[in-house]
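Protein chains in written order, with my numbering: chain W, 1218 to 1585; chain A, 3 to 129.
By construction, these hints were calculated from the structure, which means they are not laboratory data. Every residue gets a Cβ at the ideal spot worked out from N, C-alpha and C, and that includes glycine. Be aware that one or more of the hints could be misleading.
Think about it this way: if two alpha-carbon atoms lie no more than 20 Å apart in a straight line, the pair counts; the simulated SDA-like pairs of lysine to any residue are [stated by the list, open to error]: (1) Lys1540/W with Met3/A; (2) Lys7/A with Gly88/A; (3) Lys7/A with Arg19/A; (4) Lys1540/W with Ile126/A; (5) Lys1540/W with Gly88/A; (6) Lys1581/W with Pro1372/W; (7) Lys1540/W with Ile18/A; (8) Lys1540/W with Glu91/A; (9) Lys1491/W with Arg1516/W.
Residues of chain A placed beyond 10 Å of chain W at every Cβ, according to the derived structure [as the list claims (entries may be wrong)]: (10) Gly22; (11) Glu78; (12) Val125.
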Amino acid sequence: MQKITPLHAVHRQAGARMVDFGGFHMPVHYGSQVDEHHAVRRDAGMFDVSHMRIVDLHGSAANAPRAFLRHALANNVDKLSVPGKALYSCLLREDAGVLDDLIVYFLREDFFRLVVNAATADDDIAWLSTLAAERAPGLRIAPRTDLAMIAVQGPNARDKVWRAIPESAAATSALKPFNAVTVATGFGELFIARTGYTGEDGFELVVPAQEAEAAWRALEAQGIAPCGLGARDTLRLEAGMNLYGQDMDRFVNPLESGLAWTVDLVAERDFVGKAALVAAKPERQLVGVVLQDAGGVLRAHQRIHTGQGEGEMTSGTFSPTMKRSIGLARVPIGVRIGDVVHVEVRDRRLAARVVKPPFVRQGKVLVD
Amino acid sequence: MNVPKELRYTESHEWIREDGDGSVTIGITDHAQSALGDLVYVELPKAGRKVAVGEACAVVESVKAASDVYAPMAGEIVAGNDALAGRPEAVNENAYEAWLFKLRPSDAGAIATFLDAAAYERVIAEA
């Protein structure tokens, strides 16, 4: 049974082309994926990301969420000392395979919030529940299907949100990136985070489900363009951000997925997957590639030939900002930035240059 | 979806127009361009190439996917629409003007065997 978000009827009414994504019937675009991409890079666009699952963790004293997450997550929640602060982390298996990537918010010592991927949400909750049964049996794990989430992204995103939701301005004008606050508004209590998945500034707004449509309409009235998952994918790829299930999954560890920066091995802290990571000898790495030859578009699963052995594209697309094909690739560890590799595109081998992501941030191309 | 009455169609979403000089012009339908999304790359056959029925002889790639375009009938390629190389989005703008290639079929009568507009409309209604 395909799931829908509280904004499903709005997307249908807008004539969006719909696809299955993570078990949800979601808009891929509302007309032109490329126009939506440019709207986010140049002005402001919004995405229904209500398919992502918000999971609240409540517990005190012996069942404190901080102590639990210190063990459950590969990144260290002790980096979160100010309420509202967010952290990106992997959720690992014992063998360090990536179960999911997520954002964790510290709200109070007895209340942390996770935002996880749609397709993996049920498995994540089962995994966390099993861990909690051993280590914090009184911890309450509360999936919040009563909430919707709208990501508003782009250089003018914050301004337009403030115009659409005036009560949000005072509380969020000084909000720093990767921080969130809760604000009482005409659309109920909003959780507003200065986060996103596009490489642009903006907010992710967590809205009560019954207010989602009204909030969406108010944002649209300020000229924020509705954008589908198609633009979301080209934007995140230009921004050099991994997509779970494509650029990493449970069969690879974060060190081979460009996510070593999210793993905290320094602290005297035991966490699920740590022993496997400490013992791991990475043989592959995740890099960016820019297609040099004409003749096609980089796509996931294309084979790559390098001087150090074979690799594989994990994501690929045509970058609307760069007007060239770009992608992420898992290649042997000896491959260096600047190397030219060859990608099998249909019946040809096309030259591509290895670069360090991101490709584009804040509207600017960062690789040549 | 726009399905011009005067054209013939394939179930794989190509349109065929009789040029009146023994050759036919082939492109992808409005339905096909809409399903593919913004096109970013096209690869076209060279003049003189002999193609068999159902042979993949062009490629259209959108931001999200690559798709083969098939020769609806056997024959020889007369021309590819090279103007599309620098402007693949022309296919999104008007799929029936932005043709992909011209073909001289070995059996000129074959065109009558393809779907007419009404039949093609039923195909896309069921898709």
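Evaluation of the provided hints:
1. A C-alpha spacing of about 29 Å is found between Lys1540/W and Met3/A, which places the hinted pair above 20 Å, so the restraint is violated.
2. At roughly 30 Å between alpha-carbon atoms, Lys7/A and Gly88/A are farther apart than 20 Å, so this suggested pair is violated.
3. Restraint check: the Cα-Cα separation between Lys7/A and Arg19/A comes to about 11 Å, which is no more than 20 Å; the hinted pair holds.
4. Proximity of Lys1540/W to Ile126/A is assessed by CA-CA distance (about 32 Å); at most 20 Å being required, the pair is judged violated.
5. Note on Lys1540/W and Gly88/A: the hinted pairing holds, with a Cα-Cα distance of about 11 Å set against a maximum of 20 Å.
6. Using a Cα cut-off of 20 Å, the hinted pair Lys1581/W and Pro1372/W holds, with the two alpha carbons roughly 12 Å apart.
7. For the hint linking Lys1540/W to Ile18/A, the alpha-carbon distance of about 31 Å lies beyond 20 Å, and the restraint is violated.
8. Of the pairs offered as hints, the one joining Lys1540/W and Glu91/A holds, with about 12 Å between alpha carbons and a cut-off of 20 Å not exceeded.
9. Proposed proximity of Lys1491/W and Arg1516/W is contradicted: the alpha carbons are some 32 Å apart, above 20 Å.
10. Annotated as non-interface, Gly22/A keeps its C-beta farther than 10 Å from every C-beta of chain W; the closest such distance is 34 Å.
11. The claim that Glu78/A is not at the interface with chain W holds, since no C-beta of that chain comes within 10 Å of its own (minimum 21 Å).
12. Listed as outside the interface, Val125/A is consistent with that label: its C-beta sits roughly 18 Å from the nearest C-beta of chain W, beyond the 10 Å cut-off.
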